[in-house]
Each structure stands twice: as structure tokens, then as C-alpha cells.
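> Spelled out from the first residue to the last, the chains are:
Number of protein chains: 2
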Amino acid sequence: MQKISDIKEIGLKDLKVDDFIERQVREIRAKVGKGVAINALSGGVDSSVVTMLGHKALGDRLRTVFIENGIMRQGEPEHVVAIFAELGVRVELVDAKEEFFSALKGLTDPEEKREAITQAFYKEVFGRIVRESKAKYLLQGTNYTDVEETVAGIKRQHNILEQLGIDTRKEFGYRVIEPIIQLRKTGVRRVGKALGLPKELYDRPPFPGPALAARVIGEVTPERVETVRRATAILDEELKGTKAFQWLAILHEDRVTGLRANKRDFGQQIEVRCWDSTDAVTGTPTELPFKTLTRIADRISNEVPGVVSVTYNVTKKPPSTIEAV
Amino acid sequence: MQKISDIKEIGLKDLKVDDFIERQVREIRAKVGKGVAINALSGGVDSSVVTMLGHKALGDRLRTVFIENGIMRQGEPEHVVAIFAELGVRVELVDAKEEFFSALKGLTDPEEKREAITQAFYKEVFGRIVRESKAKYLLQGTNYTDVEETVAGIKRQHNILEQLGIDTRKEFGYRVIEPIIQLRKTGVRRVGKALGLPKELYDRPPFPGPALAARVIGEVTPERVETVRRATAILDEELKGTKAFQWLAILHEDRVTGLRANKRDFGQQIEVRCWDSTDAVTGTPTELPFKTLTRIADRISNEVPGVVSVTYNVTKKPPSTIEAV
Numbered sequence: 018m019q020k021i022s023d024i025k026e027i028g029l030k031d032l033k034v035d036d037f038i039e040r041q042v043r044e045i046r047a048k049v050g051k052g053v054a055i056n057a058l059s060g061g062v063d064s065s066v067v068t069m070l071g072h073k074a075l076g077d078r079l080r081t082v083f084i085e086n087g088i089m090r091q092g093e094p095e096h097v098v099a100i101f102a103e104l105g106v107r108v109e110l111v112d113a114k115e116e117f118f119s120a121l122k123g124l125t126d127p128e129e130k131r132e133a134i135t136q137a138f139y140k141e142v143f144g145r146i147v148r149e150s151k152a153k154y155l156l157q158g159t160n161y162t163d164v165e166e167t168v169a170g171i172k173r174q175h176n177i178l179e180q181l182g183i184d185t186r187k188e189f190g191y192r193v194i195e196p197i198i199q200l201r202k203t204g205v206r207r208v209g210k211a212l213g214l215p216k217e218l219y220d221r222p223p224f225p226g227p228a229l230a231a232r233v234i235g236e237v238t239p240e241r242v243e244t245v246r247r248a249t250a251i252l253d254e255e256l257k258g259t260k261a262f263q264w265l266a267i268l269h270e271d272r273v274t275g276l277r278a279n280k281r282d283f284g285q286q287i288e289v290r291c292w293d294s295t296d297a298v299t300g301t302p303t304e305l306p307f308k309t310l311t312r313i314a315d316r317i318s319n320e321v322p323g324v325v326s327v328t329y330n331v332t333k334k335p336p337s338t339i340e341a342v
Numbered sequence: 018m019q020k021i022s023d024i025k026e027i028g029l030k031d032l033k034v035d036d037f038i039e040r041q042v043r044e045i046r047a048k049v050g051k052g053v054a055i056n057a058l059s060g061g062v063d064s065s066v067v068t069m070l071g072h073k074a075l076g077d078r079l080r081t082v083f084i085e086n087g088i089m090r091q092g093e094p095e096h097v098v099a100i101f102a103e104l105g106v107r108v109e110l111v112d113a114k115e116e117f118f119s120a121l122k123g124l125t126d127p128e129e130k131r132e133a134i135t136q137a138f139y140k141e142v143f144g145r146i147v148r149e150s151k152a153k154y155l156l157q158g159t160n161y162t163d164v165e166e167t168v169a170g171i172k173r174q175h176n177i178l179e180q181l182g183i184d185t186r187k188e189f190g191y192r193v194i195e196p197i198i199q200l201r202k203t204g205v206r207r208v209g210k211a212l213g214l215p216k217e218l219y220d221r222p223p224f225p226g227p228a229l230a231a232r233v234i235g236e237v238t239p240e241r242v243e244t245v246r247r248a249t250a251i252l253d254e255e256l257k258g259t260k261a262f263q264w265l266a267i268l269h270e271d272r273v274t275g276l277r278a279n280k281r282d283f284g285q286q287i288e289v290r291c292w293d294s295t296d297a298v299t300g301t302p303t304e305l306p307f308k309t310l311t312r313i314a315d316r317i318s319n320e321v322p323g324v325v326s327v328t329y330n331v332t333k334k335p336p337s338t339i340e341a342v
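Residue numbers (this note's numbering), protein chains in the order written: chain P, 18 to 342; chain H, 18 to 342.
No lab work stands behind these hints: they were computed from the structure. Accuracy of the hints is not assured; some may be wrong.
Below, in silico cross-link-like pairs of lysine-lysine (DSS-like), each with a Cα-Cα straight-line distance of 30 Å or less [said to hold, decoys possible]:
#1 P:LYS280 to H:LYS280
#2 H:LYS308 to P:LYS260
#3 P:LYS333 to H:LYS280
#4 H:LYS73 to H:LYS25
Let's have the full structure, built from the sequences with the hints guiding it.
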């Protein structure tokens with residue numbers, strides 16, 4: 018790994034996409050030689066671009082795994098694997114739902130939930146896969162914003178090998194390759210487009226690392242994730258035509274009174290947020306047509322079992338934030 | 018008390034307001050004779066009308082108490098007492114905040130909270146006042162809808178004397194007078210207008226019995242009531258010009274992430290509901306201008322300490338209900 022202070026940003030006006038791709042492919046080949054590399058694909062733009070660069074450089078000597086953690090959106094794991102299959106890239110789908118849900122069991126504090134997901138990913142699932150594979154090279158989608166946030170102390174400095182449970186002193190020879198570390202998001206998107214990724218991948222709206230677990234207030238169980246997953250699918254259908262920066266459905270823990278077949282039904286509430294923003298630093302709620310809002314509420318309260326009430330968030334960021342937990 | 022099956026409704030087309038008032042005043046006088054009567058005024062239309070009828074019949078021999086339970090809207094107890102003072106009716110303001118909050122302590126279940134308020138009112142506070150007073154006559158604002166709901170089993174049949182902790186067999190001579198028991202709400206409002214009540218009292222929007230305690234999800238503490246009270250006051254200011262059937266602010270128990278002075282602030286959320294309805298049996302969310310919604314959110318999140326997020330409910334009744342708890 019490079020020293021963090023040695024990393025130089027490549028700004029948009031200096032980025033020559035084709036040259037960049039050619040140089041990264043060359044460097045990956047030079048580093049891996051005749052060895053085998055591994056990477057984890059989440060379907061986000063960073064890991065998608067790294068997968069394409071690695072595949073271009075190494076072909077079948079890059080092993081790409083997609084870890085199904087049980088907290089993704091509806092059909093997402095299969096859909097991402099299918100997109101890469103079309104591009105000629107084989108992606109291994111690893112079912113790790115049980116590991117993640119058992120790590121999340123009983124946790125309600127947002128920070129503890131986040132940490133449990135991180136630990137389950139690195140130490141348990143991906144860590145085990147890396148250690149059991151013959152790969153000594155690990156491709157990572159670190160970008161320049163991650164570097165900056167590490168320097169600023171916003172993110173922990175990630176020693177990825179330690180996070181994977183690999184003792185770098187004992188197990189000499191592991192090497193981390195970070196092909197997009199000099200680029201910011203917009204640069205990464207341009208490279209993704211040039212690499213032939215479909216628009217839905219290179220132009221993907223932001224989605225939080227802890228996925229739908231970040232959309233559940235309180236304990237994250239398979240049932241509660243399924244509830245917010247269905248609400249999210251309805252929201253995606255209803256809002257995909259809008260120009261909003263991001264939208265999300267949040268399952269509350271508070272129960273509210275509802276009525277089903279003339280009987281009191283103490284049910285669940287879904288909160289919808291939809292943001293106008295350019296940078297996620299500040300944001301305002303999108304002025305959706307009132308008919309759209311009530312249609313979303315009708316659909317969610319009719320189609321998602323247990324939900325009796327739907328709200329729309331009308332607060333600016335700040336003092337609100339984009340996500341709720 | 019009359020047998021419930023003997024009570025006959027007076028419909029709107031049969032209601033001659035002046036005759037009705039004259040007859041009730043005469044009957045109250047006949048029943049109470051030279052005795053003393055007592056009643057509790059909440060500021061709702063029913064108890065306001067009963068107070069006026071009783072005062073007209075008995076003058077100072079009617080003792081009217083307003084029980085400040087700590088869960089009323091901003092300035093409400095003083096305001097109601099002042100309105101009646103203008104009408105020449107002396108109302109005794111009884112501070113019972115401590116009794117109510119200690120009855121509510123630790124309770125989170127909506128039914129238990131409701132029951133605690135009812136018990137604190139009847140058994141503890143008003144019961145004690147009635148038993149300690151010399152009054153043997155109790156004026157009550159029971160209306161015809163209450164009678165119907167008792168017959169239908171929706172409401173418990175209220176034996177008011179038992180609820181007040183008065184053993185009717187041992188303490189013979191107590192008598193309950195229910196002057197508006199033959200009227201529904203619209204009739205009561207007409208009588209109130211004819212009695213000289215100001216419009217804000219005879220035309221008062223519905224407000225739940227458990228007052229702001231019904232607007233707090235989770236435990237009802239003085240601090241949490243104060244939060245929802247301030248949000249309600251802002252809502253009243255912003256929406257008083259609209260023609261909506263009813264509006265309300267609800268304090269959630271769930272915490273959501275917010276940002277204050279660039280620091281993470283795990284804060285509270287207020288849910289706003291505003292209903293179009295004619296009968297409260299069904300309802301649709303009012304299409305408020307988006308600017309009104311965001312202004313309400315700005316004000317609540319800036320002016321109410323601890324609140325970082327405001328939502329607007331967009332669900333129909335059913336499957337939602339007017340109130341949340």
C-alpha cells in the first residue's frame with residue numbers, strides 16, 4: 018500500500034479516461050504477475066469499476082464474489098450478477114444471510130448495527146473467503162474521497178488486511194491493489210461508462226453501506242428487512258421517473274393505531290424521504306405532487322403486510338440528515 | 018339516573034333551542050332545589066354547555082372546577098377560565114399536574130395510559146373534590162352519541178358515581194344530572210351558541226380526552242408533553258386559516274439522526290397529521306401547500322428543542338386512524 022500522503026488526486030480536467038484504463042490494467046498485470054487476485058463486488062459504482070478493470074487485466078485469474086448479506090434491495094444480488102454475466106464477467110454469489118442476521122440479532126443502536134455488519138463482512142465472510150482462497154492480491158475500490166476522509170479523521174484509516182483478519186507480518190505476501198484511489202466519484206463514473214458498464218451501474222444513486230439495515234429503526238430481523246424492502250421496491254417504481262437526488266423508505270419501531278376490516282390494528286409506519294441535493298452535504302425535501310405521495314401511501318399501506326401508516330419527511334438537511342439511522 | 022332505554026334523541030329538526038334551554042334550566046332547578054351542585058369543565062363543547070345551563074339555573078350554587086392535568090395545550094386552562102369569567106361564570110382552576118404525571122410514570126401502552134388518566138381524573142382528583150364538597154348533585158355532559166356507544170358496547174357504560182369512588186348505597190342522596198343527554202354534537206353546538214358561548218368554544222374542533230398524552234408515543238413525561246405542546250402551538254398558528262377538519266402533532270419515541278452545528282444529534286421526530294373529513298369515520302390527508310409543510314418543518318425543528326425531523330402523514334383513514342395512539 019502507498020503512503021496516504023503520496024496519493025495525488027487526478028482531477029476531472031486531467032483525467033484521460035482511455036489512458037487511465039490502459040495504465041491501470043497494465044499496473045494490475047505487473048503487480049499480480051502470474052498470481053490470482055480476488056475482489057468483492059457490491060454493485061456500487063466503485064466496486065463495479067474495479068471488477069471491470071481487474072477482469073480486463075487478469076481475466077479468469079480475478080475471482081469476484083458478491084456477498085448476499087440479506088439486507089439488499091429486492092432482486093439486487095441476482096440482478097447485479099446477471100449484468101456482469103452479460104459483460105462476460107463471472108461473479109460468484111455467496112449466501113451469507115444467516116451470518117449477517119445472527120450478527121445483527123438484538124442490536125438496536127445504529128452504531129452497533131453498522132459495526133456488526135462491517136465485522137460480519139470483513140472478519141467473518143469475506144475474510145474467510147480471502148484466507149481460504151489462493152489469492153494473495155486483493156482489489157479494493159478505495160477512492161480519493163475515502164483518502165481525504167481518512168486524513169480528516171471522518172473515516173477510520175482502513176487497514177484492509179487487518180480488517181480481513183490477515184496478520185500481514187506472519188502471512189507475508191498479501192498485497193492490496195487500489196486502482197481508483199486517485200479518482201473522485203464523477204471520475205469513477207466516467208471510467209465506468211468507458212468500460213462498458215450499463216448506465217444503471219455507472220450512474221447509480223448513492224446507497225448506504227449497511228444497505229436496508231440503515232433503513233430499519235430498531236432491531237434488524239429478516240421480517241423487518243422484508244417489510245422495508247417491499248416499501249423500497251414500491252418507492253423505486255413510483256419515483257424512478259423523477260429527478261430527485263435520492264429517495265428512501267424507513268421502517269419505524271414506533272407502533273401506531275390503524276384500522277383493518279373495522280378492527281383496531283396496532284401496526285407499523287413507513288417514513289418516506291426524497292431529497293433534492295447536489296452533494297448530499299445539504300438537501301431539501303423534493304416537492305413531489307400530492308397525488309404521488311398519496312398513491313405511494315395507498316400502495317405501501319395496502320401491499321406491505323403490517324404497515325398502516327406512511328409519512329413523508331418535509332425537513333431540510335440540516336438539521337435533518339439524508340438517512341435516519 | 019334514567020334507564021338507558023328510556024332516553025329519546027332530540028333530532029335537529031325537533032330541536033327548539035330556546036325551549037330546550039328553558040326546560041333544562043327548569044329541570045336542574047327542580048332537581049337541585051336549595052342544594053349545591055358541582056361539575057367539571059374541560060373547555061370542550063359538552064362540558065361548556067352544561068356549565069352555562071347549570072350556571073343559568075343555579076348561579077353561585079353551581080361549583081365549576083377546571084382540572085389542570087398538565088397535558089393540555091399551551092395556555093388552555095387559563096384561557097378557558099378567562100372566557101367563562103367574561104361570561105360571568107367563576108371557574109375554579111385546580112392544579113393536579115403532579116397527580117396525573119405520577120399516574121402516567123413508566124407507562125408506554127396506549128390503553129394503559131388512557132386508563133391511568135381516567136383513573137387519576139375520576140378516582141383521585143375530581144372524585145376527591147366531589148366527596149369533600151357539600152354537593153350532592155353532579156352535572157355531567159353525557160350526550161346521545163355516548164348513550165348509543167354504550168348500548169353498542171363501544172364505550173363502557175359509565176356509572177359516574179362509582180367511577181368517582183362514591184358508594185351509592187352507603188352514601189344515599191347523590192344524584193347525577195345530564196342536561197344534554199338527548200342531543201348529538203351539532204345540537205349541543207347550537208345550544209352553546211344560543212347560550213352566548215364564543216364561537217371558539219361552541220364550534221371547537223374535536224380534541225381527544227387524554228389530550229396531549231394521546232399525542233405522545235411512549236412514556237408521557239412533563240418534558241415530552243412540553244415538546245408536543247410547543248409543536249402543536251406552531252401547527253395551530255400555521256393552520257388556523259385552513260378549512261381542515263382537524264390537525265395534530267405527534268411526538269415519536271423513535272430517535273433519528275440529525276445535524277446541529279455540524280455535529281451528529283440523535284434527536285426526536287414530530288409527525289404532523291391534517292385531515293379532511295366530515296364525520297371522522299373516514300378521512301383523507303389535507304393537500305396543504307408544500308411551502309406550508311416545509312415552513313412548519315422549519316419552525317418546529319428550529320423552535321422546539323430536541324426535534325431534528327418533521328414528517329407529514331399522507332395515509333387515508335382507513336387503514337390509518339385520525340390519532341396515532
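> If a hint holds in the structure, say so; if it does not, say that too.
Verification of the supplied hints:
| no. | hint | result |
| --- | --- | --- |
| 1 | P:LYS280 to H:LYS280 | violated, 44 Å |
| 2 | H:LYS308 to P:LYS260 | holds, 19 Å |
| 3 | P:LYS333 to H:LYS280 | holds, 16 Å |
| 4 | H:LYS73 to H:LYS25 | holds, 24 Å |
Of the numbered hints listed earlier, the single one contradicted by the structure is hint 1.
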